[in-house]
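Number of protein chains: 2
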Amino acid sequence: MTATIVTIGDEILIGQITDTNSGYIAKAFDHIGIEVHEMLSISDDGKHILETFSRLQDNTDFVIITGGLGPTKDDITKKTLAEYFEDELVSDPKVLAHVENLFEQFTGKRQPLLQTNIDQALVPSKAEVLFNQFGTAPAMWLQKGKTVFVSMPGVPFEMKGIVDNVLIPKIVREFKRPYIIHKTIMTYGMGESMLADKISDWEDNLPDSIKLAYLPSPGRVRLRLSARGTDKNILEADIASQVETLQQLLGSTIVGFEESESLEVVLGKQMTQRRLTLAVAESCTGGKIAQTLTSVPGSSKYFKGGIVCYSKEVKTQILSVSELTIAEYSVVSEQVAIELAQNVRKLLKTDYGIGVTGNAGPTTDDTDKSVGIVYIAIASAQNTIAMEFNFGQPREKVIDRAVVKSLEMLQKEILKNVE
Amino acid sequence: MTATIVTIGDEILIGQITDTNSGYIAKAFDHIGIEVHEMLSISDDGKHILETFSRLQDNTDFVIITGGLGPTKDDITKKTLAEYFEDELVSDPKVLAHVENLFEQFTGKRQPLLQTNIDQALVPSKAEVLFNQFGTAPAMWLQKGKTVFVSMPGVPFEMKGIVDNVLIPKIVREFKRPYIIHKTIMTYGMGESMLADKISDWEDNLPDSIKLAYLPSPGRVRLRLSARGTDKNILEADIASQVETLQQLLGSTIVGFEESESLEVVLGKQMTQRRLTLAVAESCTGGKIAQTLTSVPGSSKYFKGGIVCYSKEVKTQILSVSELTIAEYSVVSEQVAIELAQNVRKLLKTDYGIGVTGNAGPTTDDTDKSVGIVYIAIASAQNTIAMEFNFGQPREKVIDRAVVKSLEMLQKEILKNVE
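Line order of the protein sequences matches chains A and P.
First residue of the first sequence: 15, per this note's numbering; consecutive thereafter.
First residue of the second sequence: 15, per this note's numbering; consecutive thereafter.
The following block holds chain A by itself, in its conformation from the complex:
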């Protein structure tokens, strides 16, 4: 089965916001064996929307649309869908009741709705409504020929609620789909072209059912194997056997495998299972490690807290980093990272402590280290490890890489200390 994902809204086309909805839907579809053929963003323009619907008609099994369902005049998706389906808009009593409830919740009292709010309950008569628990705009499911059109609001959390709780369960229930399995192999220390050269013969002899992709990023290359078919066990066995061959070819260049779950989720599970606790002291990452950890529901079980020690005073007065250490080695140094990790661990009485100090740029301010240099330390009751990195620039890349590297280093320590 195949799908096209369409985003409607000028704000994406002028670069005012980044479309993250399509990626979310693509991932969810990939998990249930639906291949996304194309993603596109178009403007709030009726003619362009209609042309696009016609082009996609019978081209893929699903056309998933987000955006343009708000109550205002620039939101024309619903009207245009009705036009495309030669249908009329009718008021859905369930949706209307839901809109009324949401407004009552929001304002604290029952009151007459504005016409624009009442109109939120209008849907094409041929549409099946998909319940939007988090917002007033109903999602809609409409079929024409062999293609199902699904229209959802563009507000990310509303869209996610519908995808997770309504759309995916419905598709899983009603359609037989093949399996798609990905395995991402992480390599380190060999350039993309050298790697490609080394596995060239193997790559040429891959069966048609397995596809290889190279995903290079600074310092490492990930290899993604994708298999598609009807028997999950066979696919898994095929992938496992190819990975084994790859391991023989590449040896220690392979440093691990990427889970489909994010690092912070996997780490959270590992800490919860082992009943471990964590505290962080972060300077240049400015709270992003704490924020990444706490983005996971249930993180309060293992994450006790953090200190964002942006100024020198917070480092010395709250986290007791020695003035002498700073004078001798500077604020951006391995020694300061170590003291941060050890002291925050003691202060918050946790099993592990992370300490990060560095220079995210764009200017070096008053430090002696160049932009991009970051020191990360992990402290436990047993030992403290620390490393220097050069994450280059710009600022956002330095911060993001420091966050990922901190969590990777912590994970390695946890797995090591347990063995």
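Bear in mind the hints are in silico, worked out from the structure with no lab data behind them.
Don't be surprised by glycine CBs; every beta carbon is placed ideally from N, CA and C.
Don't take every hint at face value.
Claimed, not checked - Pairs of lysine-lysine, BS3-like flavour, derived with a Cα cap of 30 Å: (1) A/K160 - A/K108; (2) A/K383 - P/K225; (3) A/K93 - P/K225.
To be verified - One side only, chain A facing chain P, incomplete, derived with CB under 7 Å: (4) D44; (5) G47; (6) E52; (7) P376.
Assemble the complex: chain A is given as a structure, and chain P must be docked to it using the hints.
Okay, now just chain P, sitting in the frame of chain A:
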């Protein structure tokens, strides 16, 4: 002038990475008056790429392509471009020399290149090479009919280097373009539908040259006016006159204008100008306030640091929140928010302190407050203010709204105390 932006690569279609390249290019094009008509992502599939090129041919003035230019077998953009232009690939001596230099820089010695690296210097004979200072893959400029096709690597910092230093200057030099002007008006405290109702007549009478868009986000609605034309002065006057009318219609609902600057950037400027400093104590937002503040370069001038007090012990032991207060009012309470704000301000010796405690969900854990309830306090030497909010759910929305609200409350206090 119009453009289509095409991203080539399976990793986007399976949701493994989010395409941020297209938004970057769209913004750059918007600034020089080129309207992006459509953005799309397609797979590394020759047939699909050729079909897409044919469909876009003569449809827009530019087709901007990123991705698929690496040295490995899954990278087929260059080969496919040559096929589409009925052209052959020839080695470009300048590009080859650049590839050799990059490898020498990277490995520290001059050495024979692999065939895959030599092939990086191949370009269609009809192509003009756009120099890629940060990588080995050359960008290419090819014209057919009335459409210019530009192909660039997908690695974001390589693409950005080419767009900023080569592509945009070349277009500005060689093409006459109209102006596009946007003005974003920030409103607060009125729902999207109520707002739309209030300005309905005005909206209906907008001239054709001006387009209105509603950009709702938790707690506020932004109105974006866009004008397109050949005389920049006339456009600016038109927009200014419409904004004046809007101000009469909406009064104090309008809280400001977005000069493409975010709240944290504006707040940073206000604090720097007034030489004010800030510390934050955040529970349910888990570090996101600190992270948002420190995403701004130069934030160390006013942001001294923060405490992420996820556990009760961090609140009582580090931030000296009274055990009695917690026993009497619970951890999620206005009283705790107030103590957090006041105590973090004293502890870090700053002018302002923000204290946030709440329940982001999905479960209520051991608190007596329902999911979505958040208390925010702002403390200064003069006074402390605190408010209760119900941000609903899900978790990420609660966190995001708490962050925005905290910064807005702080900004209000700063402006008030100065008056």
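Exercise for review: Mind checking the CB of A/P376 against every CB in chain P and telling me if the closest is under 7 Å?
Suggested key: 5 Å, holds
Exercise for review: Would you mind confirming whether the straight-line C-alpha gap from A/K160 to A/K108 stays at or under 30 Å?
Suggested key: 28 Å, holds
Point to revise | Status of the A/G47 interface restraint (C-beta, 7 Å, chain P) | key: 12 Å, violated
Exercise for review: Closer than 7 Å between Cβ atoms is the bar; does A/E52 clear it against chain P? Give me holds or violated.
Suggested key: With a minimum Cβ separation of about 5 Å from chain P (threshold 7 Å), the hint on A/E52 holds.
Check your understanding: Holds or violated: is there a CB of chain P closer than 7 Å to the CB of A/D44?
Key -> This hint holds: A/D44 lies near chain P, its Cβ roughly 5 Å from the closest one there, short of 7 Å.
Review point. Straight-line Cα separation of A/K93 and P/K225 no greater than 30 Å?
Key: Status holds; Cα separation ~19 Å.
Review point. Would the pair A/K383 and P/K225 pass a check requiring their Cα atoms to be no farther apart than 30 Å?
Key: Given that 30 Å is the threshold and the Cα spacing comes to 49 Å, the pair is violated.
Going through the hint list in order, the structure does not satisfy hints 2, 5.
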